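Could you build the full structure based on these sequences and the hints that come with them?
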Amino acid sequence: MKNLIIKTLMIASTLGLIWYAHHNMDPYPLSILNNIGIFVILALSYNLINGVTGQFSLEPNGFVAIGAYMTAIFLIPTETKIDMYALVDPAPIILEMQANFLPALLAGGLASTFIAFMISVPVFRVRGDYLAIVTLGFGFIIKIFAMNTPAYTNGAMGLNDIPDYANFLWIGTIGLVTFVAMINIINSRFGRAMKAIRDDEDAATAMGVNTYWIKTLAFMTSAFFEGVGGGLLASFISTIAPDQFTFLLTFQLLIIIVLGGLGSMTGTLVATILVMGGMEWLRFLDSNMNIFGYDTGAHPGMRMVVFAMLLITMMLFARKGLFGDRELTDIIKSRFKRRKS
Amino acid sequence: MSSTSLAIKNITMQFGGIKAIDDLSFDVQDNQIYGLIGPNGAGKTTIFNIITGNYKPTSGDVEFQQETITETKPNLVVQKGIARTFQNIRLFKSMSVLDNILIGFHNHTSYSYLEAIFRFPRYFWQEKRIKDEAMMILDEFDLRKFADKKATDLSYGDQRKVEIARAIATKPSLLLLDEPAAGMNPSETEDLSNVIHKIKKDFDLTVLLIEHDMKFVNNMCDMVTVLDYGEKIFEGKPADAIVNEKVITAYLGDFTHA
Numbered sequence: 031m032k033n034l035i036i037k038t039l040m041i042a043s044t045l046g047l048i049w050y051a052h053h054n055m056d057p058y059p060l061s062i063l064n065n066i067g068i069f070v071i072l073a074l075s076y077n078l079i080n081g082v083t084g085q086f087s088l089e090p091n092g093f094v095a096i097g098a099y100m101t102a103i104f105l106i107p108t109e110t111k112i113d114m115y116a117l118v119d120p121a122p123i124i125l126e127m128q129a130n131f132l133p134a135l136l137a138g139g140l141a142s143t144f145i146a147f148m149i150s151v152p153v154f155r156v157r158g159d160y161l162a163i164v165t166l167g168f169g170f171i172i173k174i175f176a177m178n179t180p181a182y183t184n185g186a187m188g189l190n191d192i193p194d195y196a197n198f199l200w201i202g203t204i205g206l207v208t209f210v211a212m213i214n215i216i217n218s219r220f221g222r223a224m225k226a227i228r229d230d231e232d233a234a235t236a237m238g239v240n241t242y243w244i245k246t247l248a249f250m251t252s253a254f255f256e257g258v259g260g261g262l263l264a265s266f267i268s269t270i271a272p273d274q275f276t277f278l279l280t281f282q283l284l285i286i287i288v289l290g291g292l293g294s295m296t297g298t299l300v301a302t303i304l305v306m307g308g309m310e311w312l313r314f315l316d317s318n319m320n321i322f323g324y325d326t327g328a329h330p331g332m333r334m335v336v337f338a339m340l341l342i343t344m345m346l347f348a349r350k351g352l353f354g355d356r357e358l359t360d361i362i363k364s365r366f367k368r369r370k371s
Numbered sequence: 541m542s543s544t545s546l547a548i549k550n551i552t553m554q555f556g557g558i559k560a561i562d563d564l565s566f567d568v569q570d571n572q573i574y575g576l577i578g579p580n581g582a583g584k585t586t587i588f589n590i591i592t593g594n595y596k597p598t599s600g601d602v603e604f605q606q607e608t609i610t611e612t613k614p615n616l617v618v619q620k621g622i623a624r625t626f627q628n629i630r631l632f633k634s635m636s637v638l639d640n641i642l643i644g645f646h647n648h649t650s651y652s653y654l655e656a657i658f659r660f661p662r663y664f665w666q667e668k669r670i671k672d673e674a675m676m677i678l679d680e681f682d683l684r685k686f687a688d689k690k691a692t693d694l695s696y697g698d699q700r701k702v703e704i705a706r707a708i709a710t711k712p713s714l715l716l717l718d719e720p721a722a723g724m725n726p727s728e729t730e731d732l733s734n735v736i737h738k739i740k741k742d743f744d745l746t747v748l749l750i751e752h753d754m755k756f757v758n759n760m761c762d763m764v765t766v767l768d769y770g771e772k773i774f775e776g777k778p779a780d781a782i783v784n785e786k787v788i789t790a791y792l793g794d795f796t797h798a
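Which chain is which? The protein sequence lines are W and F, in order.
If you read the first sequence in the working numbering, its first letter stands for residue 31, the second for the next number, and so on.
If you read the second sequence in the working numbering, its first letter stands for residue 541, the second for the next number, and so on.
If you're looking for bench data, these hints aren't it; they were derived computationally from the structure.
Please note: incorrect hints may appear among the correct ones.
Below are the DSS-like pairs computed for lysine-lysine, each with C-alpha atoms no more than 30 Å apart in a straight line [claimed, not checked]:
id, chain 1, residue 1, chain 2, residue 2
1, W, 350, W, 37
2, W, 37, F, 690
3, W, 363, F, 668
4, W, 367, F, 685
5, W, 367, F, 671
6, F, 596, W, 363
7, F, 613, W, 37
8, F, 620, W, 367
9, W, 32, F, 668
Under 7 Å between C-beta atoms, here's a sample of chain F residues computed to sit facing chain W [claimed, not checked]:
id, residue
10, 642
11, 657
12, 725
It should be emphasised that the depicted structure is a prediction, and the values quoted were computed from it without experimental measurement.
Just so it is clear, CB atoms sit at the ideal spot from N, CA and C, and this is done for glycine as well.
Here is the structure:
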């Protein structure tokens with residue numbers, strides 16, 4: 031009961047903070063915060079399949095793309111679409127698709143979930159490195175598909191003028207929902223089964239776990255939130271093109287979840303803030319600097335060098351990521367216990 | 541007269557040209573402790589993998605409580621009431637002892653995925669129920685004090701007990717133990733045989749075990765089958781097995797021509 035009250039208070043205060051930030055922060059820091067928020071959603075859901083279930087998959091860019099395109103198509107008004115599709119006329123169904131923001135986001139998420147369900151059959155016939163290759167291929171296919179079906183996706187030109195409904199109230203709240211959903215999944219029989227599969231798949235089967243179904247469940251959940259995150263991304267930056275959804279996006283998410291600790295949701299949260307925030311906060315390194323009266327001159331790209339060095343240093347000292355596979359609360363608890371005894 | 545729990549019927553298993561098991565049959569009666577012994581490579585673990593559905597035998601059938609389970613998938617075999625342990629301990633390394641046991645209850649909780657995400661009351665009721673039951677099982681093995689410890693931080697003997705406890709959590713009627721006493725010192729072995737006798741009584745189990753330690757087998761088993769190169773060379777009381785000429789030859793080699 032005490033726990034429930036604490037949790038409710040935490041959720042309420044987070045919502046309060048989101049509301050405050052939305053109304054009182056300057057546009058630039060708020061846009062960084064929005065970016066972090068979207069990547070929190072993407073990284074948390076990626077962590078569910080990669081970290082918690084231990085299935086090394088490399089496809090989130092595909093699911094993000096599906097969600098982004100789906101949401102964008104639902105949001106862009108019909109007249110704008112007719113003007114925008116320059117290469118070929120849009121397919122009639124594209125013109126028909128119209129929805130409000132929340133249904134559009136859900137449509138993006140559900141489309142990703144459906145695709146995830148379809149591809150889980152071939153994907154989970156293989157394990158380990160082979161799984162990585164199969165899912166990597168899927169990510170490529172989605173991108174190539176977006177390039178080559180101009181009647182639906184407007185090809186390489188992408189979609190512009192997506193209404194920017196995605197403000198920090200939306201992004202923050204959905205981020206919080208994602209986090210709570212992930213924590214709730216992990217602390218249920220499904221989450222335990224996922225972790226069991228990560229540790230030893232054969233032993234999990236010997237405990238009566240239908241490993242194929244649990245992996246598919248994790249994959250679909252991950253796809254859903256990646257789709258929703260993709261929708262938010264589309265609406266937030268208001269323009270999307272196939273080039274945004276390359277392997278680099280997956281790679282960025284991979285860095286985040288490995289840095290945070292595979293399987294740790296709070297770790298992912300902290301790592302997203304460090305990685306996405308760090309990229310922005312280190313911008314001063316790109317401009318002119320004055321060190322002890324010596325002008326270094328401007329070195330664009332310097333921040334990436336420093337950023338990479340910081341990442342390497344962090345991984346050297348925290349081999350299993352910042353939090354390992356534990357949550358922040360576990361770490362605090364064990365510290366507290368050690369002090370008492 | 542007790543009824544048959546597990547019946548192995550004319551099982552043959554071929555891997556390519558190698559016959560790992562050759563026309564093997566034996567019956568395990570309810571509430572027996574049945575031993576499966578034999579030198580390394582005799583096909584003992586292969587039999588376990590056939591019973592649990594990991595391997596499909598080349599020919600022959602496995603019957604459990606008068607029901608054919610030869611083609612059943614491993615996770616469904618568990619639901620029918622057959623639980624196993626592994627030769628090399630395979631605990632869930634990153635999880636606590638309690639969580640390791642809770643995995644065993646996977647099919648004894650019924651709340652759905654959405655009920656878990658939205659935390660319906662059923663989630664809380666069932667989680668509380670299985671946690672209480674898991675604690676009772678831990679008490680049975682005298683492991684309650686380790687409940688929150690990481691499973692791999694325990695001693696070898698205790699890890700073995702956790703693995704058996706985890707199997708018990710699936711609520712089996714037949715327990716398959718693959719070399720439970722391997723790598724244990726004499727006091728741990730004695731402790732283990734007490735535990736197995738105790739759980740057999742408390743949970744009303746039939747036990748089929750693979751073992752090398754003849755003293756352990758002698759203490760534990762009501763019946764044994766001795767395998768050599770996939771063939772049954774002896775079936776009967778363990779006391780008779782250790783004086784049987786064929787069994788001695790299989791284990792120690794043939795001295796008559798020396």
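Okay, the hints, checked on the actual structure:
no. : hint           : verdict
1   : W:350 to W:37  : holds, 28 Å
2   : W:37 to F:690  : holds, 26 Å
3   : W:363 to F:668 : holds, 21 Å
4   : W:367 to F:685 : holds, 15 Å
5   : W:367 to F:671 : holds, 22 Å
6   : F:596 to W:363 : violated, 47 Å
7   : F:613 to W:37  : violated, 41 Å
8   : F:620 to W:367 : violated, 42 Å
9   : W:32 to F:668  : holds, 16 Å
10  : 642            : holds, 6 Å
11  : 657            : holds, 5 Å
12  : 725            : violated, 25 Å
In summary, the structure is inconsistent with hints 6, 7, 8, 12 from the numbered list given earlier, while agreeing with the others.
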